[in-house]
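Add chain B to chain A, keeping to what the hints say.
Read off the chains here:
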Amino acid sequence: MVDLEDLKLKAKNIRRNIVEMVYSAASGHPGGSLSIADVMTALYFTEVNVDVNNPKDENRDRVVLSKGHCSPALYSSLAEKGFIPKEDLVTFRKTASYLQGHPDMKKIPGVDMTSGSLGQGLSVANGMALAGKMDNKSYRVYAILGDGEIQEGQVWEAAMTSSHYKLDNLCVIVDNNNLQIDGSVEDVMSPYPIDKKFESFGFNVIVIDGHNFTEIMDAFKVARETKGKPTAIIAKTTKGKGVSFMENKAGWHGKAPNEEEFKIAMEDLK
Amino acid sequence: MDLNNKKATRQSYGEALVELGKVNDKVVVLDADLAGATKTNMFSKEFPDRFFDMGIAEQDMIATAAGFATCGKIPFASTFAVFATGRVYDQIRNSICYPNLNVKIGATHAGITVGEDGATHQMLEDINLMRGLPNMTVISPADDAESRWAVNEAAKIEGPVYIRFGRASTPAIYDENTKFEFGKAIMHGDGEDATVFATGIMVAEALKAQMALKEEGINIRVVDFHTIKPIDEEMIVKCAKETKKLISIEEHSVIGGLGSAISEVLCEKYPAKLVRMGMKDCFGKSGPAGELLKYYGLTEKEIAEEVRK
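Quick note, the sequences are listed as chains A and B, same order. 261 is the number that my numbering gives to position 261 of the first sequence; each next residue is one higher, with no gaps. 130 is the number that my numbering gives to position 130 of the second sequence; each next residue is one higher, with no gaps.
Excised from the complex, chain A in its bound form:
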């Protein structure tokens, strides 16, 4: 039985680390990291089968953070899980650090794929899922995409592939926080209806509240049990979730808080 209070605590720690990392680096992407934090928490603490002592285990589940700029969410989750020493997080984006601005599989334990240039992660996840099927392995592959990211045409090439090859060992999660750098996704270049798009591409689609652990875990379970087609979970989220002044503000996509803002944020996340 999953302890929801424990998950909430872990998510709060992850959020605090996200803000601290971006503050220490004086750069980075807090908004989308905070929006995906609950999904990442549920993913790493209730869903994926990974081994801190054997990060490259060939039977492990794979996570591809296609929206690579949300590396603070990934690194904080990996630190909470034990892949990365927590004290290293504040070295994020610094010259001497291995914690690159965007995920780097060669430098960071627990990172399954290098990402940063948007739109490529679902294709990579498909490759992993196809390899798993070829080798009769039972691992699952999770690809996390942004709602702005799905404006990239390659995402839909990849969506065709996921469905064409019936990749039921693949689960796409779209962080639908409704904002991108230049404004709301519908104003910039509307990706809506996201659910119908994935449905028409042959996915089993589940729309959830991306900040509700029960809904997230239930969706993962349905995805696991769905055979013959891939699943896309559309997680409705709030960009900047948990930090009062960052919530629903496009401006906090890729901006670091100053000292005063940092204090407010940490107070919010107490």
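These are computed hints drawn from the structure, not numbers from a lab. Fair warning: this is a prediction, and the values are worked out from it, not measured in the lab. There are no misleading hints in this set.
No more than 30 Å apart at the CA atoms, straight line, and that leaves these computed lysine-lysine pairs for DSS-like:
| no. | chain 1 | residue 1 | chain 2 | residue 2 |
| --- | --- | --- | --- | --- |
| 1 | B | K26 | A | K229 |
| 2 | A | K227 | B | K26 |
| 3 | B | K229 | A | K106 |
| 4 | B | K156 | A | K133 |
| 5 | A | K56 | B | K26 |
| 6 | B | K229 | A | K107 |
| 7 | B | K22 | A | K56 |
| 8 | B | K45 | A | K133 |
| 9 | A | K137 | B | K22 |
| 10 | A | K227 | A | K133 |
| 11 | B | K26 | A | K137 |
| 12 | B | K45 | A | K227 |
| 13 | B | K26 | A | K166 |
| 14 | B | K22 | A | K166 |
| 15 | B | K26 | A | K106 |
| 16 | A | K166 | B | K45 |
| 17 | B | K22 | A | K133 |
| 18 | B | K156 | A | K56 |
| 19 | A | K106 | B | K156 |
| 20 | B | K156 | A | K107 |
| 21 | A | K229 | B | K45 |
| 22 | B | K156 | A | K137 |
| 23 | B | K45 | A | K137 |
| 24 | A | K133 | B | K26 |
Chain B only, in chain A's frame:
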């Protein structure tokens, strides 16, 4: 060189993939709706479970190959050179070269000998694009035997490899007993009047020029650069020291390809004049392959003329 024994290097690629597939079960092949033209359909017939047609979606194909590589597979991704490099440059850069993944790109239909399809399909900048990428190895074989070697060698290299094949038939220069060495160019003859550095199907043209010139008493050497990155610096310096004139020729733009790679070495190691033959910073055009080679001055005739100058 056997002028009567001709084969397109894309055909050699298809055949070599099948042979490789028999001895290495990690090899998987991806194509983007061109399996008949790239000859990967030979692999798909032999190993249907290890072949993936990705449809007309090159960007997806390249990044899917990256995903395969993270799971220990050795993917060969194939399409025409123009789509295998320019169209997917970012996918190659960020999802293959930066993480140094073990993906092989088997690009066919490089250069103007694509022929009638014209400029949109005649890739003349691929060596330039691929050579500039950290972690990328670039191989450009000249004939059947060298192409077969290149496919096997690529599978042995742990990391990204770009292999450039052509559409048109080209004479056999080597036989199955030839020992190729990765990163080591092959010198044909030791004439001191000139060196012609060549790659791909231009090696055969250069060898033909060598024979013609010999009858005039002009002795040149032809150097086949099957490996363009890493480039054989030692060979370049040796030829610069030993011969009176240096010429490079490639079925590629004179910007960024073999000629540029050789120039870089000469500049730093042994300053000497190099005449770069190739496509002169221009696009190609429609026409039969043989006619286009003449039109753009990429035959034995122009090579010999350049040597005589």
